[in-house]
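K.L.:
Each chain, written out:
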Amino acid sequence: MVMRKPDKWMIFRRQLEKEMTIIGLESVGIVALLSVFMGAVMCLQTAHQISGWIPVYTIGFTVRQTMILEFSPTLIPVILAGKVGSNIASQLGTMRVTEQIDALEIMGVNSAGLLVLPKIIAGFICIPALVVMSMGLGLASGAGIALLTGVSSMADFEYGLQVDFVSYDVVYALIKTTVFALIMTSVSAYHGYYTSGGALEVAKSSTKAVVYSVVIIMLTNLVLTKLLLT
Amino acid sequence: MIELKNISKSFGKHNVINNVSAIFEKGKVNFIIGRSGSGKSVLTKCTVGLLEPDEGHVFYDGRDFTAMNRRQRKEIRKEIGMLFQGGALFDSMTVEENIKFPLKMFSDMDDEAMSSRVADCLTRVELEGHGDKYPGELSGGMQKRVGIARAISMNPKYLFCDEPNSGLDPQTAIVIDNLIVDITREYGMTTVVVSHDMNSVIEASDTIHFIHEGEIAFKGDNAEMMVSDSETLNDFIYASKLMRKLRDKAK
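One line per chain: the protein sequences are A and B, in this order.
Residue numbers for the first sequence follow our numbering, so the first one is 1 and each next one is one higher.
Residue numbers for the second sequence follow our numbering, so the first one is 1 and each next one is one higher.
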């Protein structure tokens, strides 16, 4: 039902644009904020831990590895599961309990195709883009705080960013992110779409959507890390 | 005309609808009445395909809806309009966009023709000038009228109304009843109204089907209903002390 050809492409396209705004554009602020602070804190933490006995370029290296390998591709989708996932589940759940989904079905509209598929596609496009932005901002803020506080010179930090860099790490991160985006949007949409009851059930669906998304993302992360890094 | 033949529906071991047959006539307002939990909403959902009956058939002007696949049903669904209990208006869309939505999905009209059709529908439900408002800005009665406007936007052959007067004051309820009767006559639709509002049943019904414990316990018009000797029907109609007093006085 979800993957069926849309009834009308024009309406589907508008729906997709709307979802990309909600899932992507409206998440830029929170992702940027978290990434900037995480990059900066990671830089200061590493500087504090290594002081005196490990080369200073390790600061740049650690910030890079942390941001690219785990923080941006895993923790950003987990955070978005809270913001975007609950939004998806509560929106669909409310539409279900107020009979808006029934109204679409009565009209002969494929409601799952119209309401769920654009969310999955929007997540598939926007969340990897947000993760790439997060990586960039995290590294930039790490460099910025290193300069501001004097824990590392720009040359050392830059060297750390480049040393032993394997471009496959970015591919690995994007594969993980894409899988997590699919998990988050589809799990949340499932819980919202199949809500029955009233306001209390909508709230329960929203909570379930976040909890199940996070748990599945974490388990998948473990499996993917083992599969992709061996 | 809509014909139900031997419809049964169970949920687990609970038999909600038991071998129900009924005919809803064209150009008439056909009421399904009954107590809460009697099975009238389940019967309506089986009729429009929101639930699949376990047994039986639903015919829309002789076309067996229950035997159709999704694509074939879609053609019938374009001929169905439905007014939901809570309005079921899309709250992210304005009134105009709500009414336009089925036209955009299923008609080949250009934007000008669609806007003209929306204006006609709004005029018909006396809501001219409210097209740019959102459902949340409207009163319950206005939301119901927008629901009717959306339901008739595609000139449906069949109109279903689920508890059209629930939550409305008596005067607004009469406005909605009159509107349903008027558009049924005007467009020659087959209208099915699910209700337990006795004022509406007496004022607006052409035919009445009383459901009790999943079975049709009475069929007839409102005059026949008022003098019926069916105990279950009388318990339903004259549930209040006032109604019983009026009945005793009339006798």
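One or more hints might be untrue.
Using C-beta positions, here's what the derived DEER-type ranges look like [what the hints assert, rightly or not]:
no. : chain 1 : residue 1 : chain 2 : residue 2 : range
1   : B       : S36       : A       : I79       : 42 to 52 Å
2   : B       : Q72       : A       : K8        : 14 to 24 Å
3   : A       : I79       : B       : E137      : 51 to 61 Å
4   : A       : R13       : B       : D91       : 15 to 25 Å
5   : B       : E97       : A       : L228      : 39 to 49 Å
Within a straight-line C-alpha distance of at most 20 Å, the following computed SDA-like cross-link-like pairs (lysine to any residue) qualify [what the hints assert, rightly or not]:
no. : chain 1 : residue 1 : chain 2 : residue 2
6   : A       : K5        : B       : M105
7   : B       : K45       : A       : T21
8   : A       : K8        : B       : K241
9   : B       : K45       : B       : E79
10  : B       : K74       : A       : K83
11  : B       : K104      : A       : D102
12  : A       : K5        : B       : M198
13  : B       : K78       : A       : E105
14  : B       : K74       : A       : V179
15  : B       : K45       : B       : N19
16  : A       : K8        : B       : D120
17  : B       : K74       : A       : V214
18  : A       : K83       : A       : I11
19  : A       : K8        : B       : K219
20  : B       : K219      : B       : L233
21  : B       : K45       : A       : V97
22  : B       : K13       : B       : M1
23  : A       : K83       : A       : V179
24  : B       : K241      : B       : M198
25  : A       : K8        : B       : M105
26  : A       : K83       : A       : L25
27  : A       : K204      : A       : V214
28  : B       : K74       : A       : A140
29  : B       : K104      : A       : V214
30  : B       : K74       : B       : S92
31  : B       : K28       : B       : G12
In case anyone wonders, no lab produced these hints; they're calculated from the structure.
Beta carbons: idealized from backbone N, C-alpha and C, even for Gly.
K.L.:
Each hint needs a verdict: does it hold in this structure or not?
P.N.:
Hints, verified against the model:
The supplied range of 42 to 52 Å is met by B:S36 and A:I79, whose beta-carbon atoms lie about 44 Å from each other. As the Cβ distance of B:Q72 to A:K8 is approximately 19 Å, the hint placing it in 14 to 24 Å holds. A beta carbon spacing of about 34 Å between A:I79 and B:E137 contradicts the range 51 to 61 Å that was offered as a hint. The beta-carbon spacing between A:R13 and B:D91, approximately 21 Å, falls within the hinted interval of 15 to 25 Å.
Checked against the hint of 39 to 49 Å, the pair B:E97 and A:L228 passes, with Cβ atoms roughly 45 Å apart. Taken as a hint, the A:K5 and B:M105 pair is honoured in the structure, with Cα atoms around 14 Å apart against an allowance of 20 Å. Between B:K45 and A:T21, the direct Cα distance comes to roughly 35 Å. Violation of the 20 Å bound is thereby established for this hinted pair. Annotation: proposed proximity of A:K8 to B:K241 is violated, straight-line Cα distance about 55 Å (limit 20 Å).
Of the pairs offered as hints, the one joining B:K45 and B:E79 holds, with about 16 Å between alpha carbons and a cut-off of 20 Å not exceeded. This hinted pair does not check out: B:K74 and A:K83 have alpha carbons roughly 36 Å apart, beyond 20 Å. For the hint linking B:K104 to A:D102, the alpha-carbon distance of about 18 Å falls within 20 Å, and the restraint holds. The suggested pairing of A:K5 with B:M198 is violated, with an alpha-carbon distance near 45 Å, which exceeds 20 Å.
Among the hinted pairs, B:K78 with A:E105 is consistent with the structure: their alpha-carbon atoms are about 10 Å apart, no more than 20 Å. In summary, the hint linking B:K74 to A:V179 is not supported, as the alpha carbons are separated by about 34 Å, beyond the 20 Å threshold. Proximity of B:K45 to B:N19 is assessed by CA-CA distance (about 15 Å); at most 20 Å being required, the pair is judged to hold. Proposed proximity of A:K8 and B:D120 is contradicted: the alpha carbons are some 24 Å apart, above 20 Å.
Note on B:K74 and A:V214: the hinted pairing is violated, with a Cα-Cα distance of about 38 Å set against a maximum of 20 Å. Proposed proximity of A:K83 and A:I11 is contradicted: the alpha carbons are some 25 Å apart, above 20 Å. Annotation: proposed proximity of A:K8 to B:K219 is violated, straight-line Cα distance about 42 Å (limit 20 Å). The suggested pairing of B:K219 with B:L233 holds, with an alpha-carbon distance near 11 Å, which does not exceed 20 Å.
Restraint check for B:K45 and A:V97: the C-alpha separation of about 15 Å stays at or below 20 Å, so the hint holds. Among the hinted pairs, B:K13 with B:M1 is inconsistent with the structure: their alpha-carbon atoms are about 32 Å apart, more than 20 Å. Restraint check: the Cα-Cα separation between A:K83 and A:V179 comes to about 18 Å, which is no more than 20 Å; the hinted pair holds. For the hint pairing B:K241 with B:M198, the CA-to-CA distance comes to about 14 Å; that is within 20 Å, so the pair holds.
As the CA atoms of A:K8 and B:M105 are separated by approximately 6 Å, the hinted pair is consistent with the 20 Å bound. Straight-line distance between C-alpha atoms of A:K83 and A:L25 comes to about 13 Å, which keeps the hinted pair within the 20 Å bound. Distance hint between A:K204 and A:V214 is fulfilled; the C-alpha atoms sit about 15 Å from each other, no more than 20 Å. Distance hint between B:K74 and A:A140 is unfulfilled; the C-alpha atoms sit about 54 Å from each other, more than 20 Å.
Among the hinted pairs, B:K104 with A:V214 is inconsistent with the structure: their alpha-carbon atoms are about 38 Å apart, more than 20 Å. A threshold of 20 Å between alpha carbons decides the hint, and for B:K74 with B:S92 the separation of about 24 Å lies outside it, so the pair is violated. For the hint linking B:K28 to B:G12, the alpha-carbon distance of about 35 Å lies beyond 20 Å, and the restraint is violated.
Of the numbered hints stated above, those contradicted by the structure are hints 3, 7, 8, 10, 12, 14, 16, 17, 18, 19, 22, 28, 29, 30, 31, listed in ascending order.
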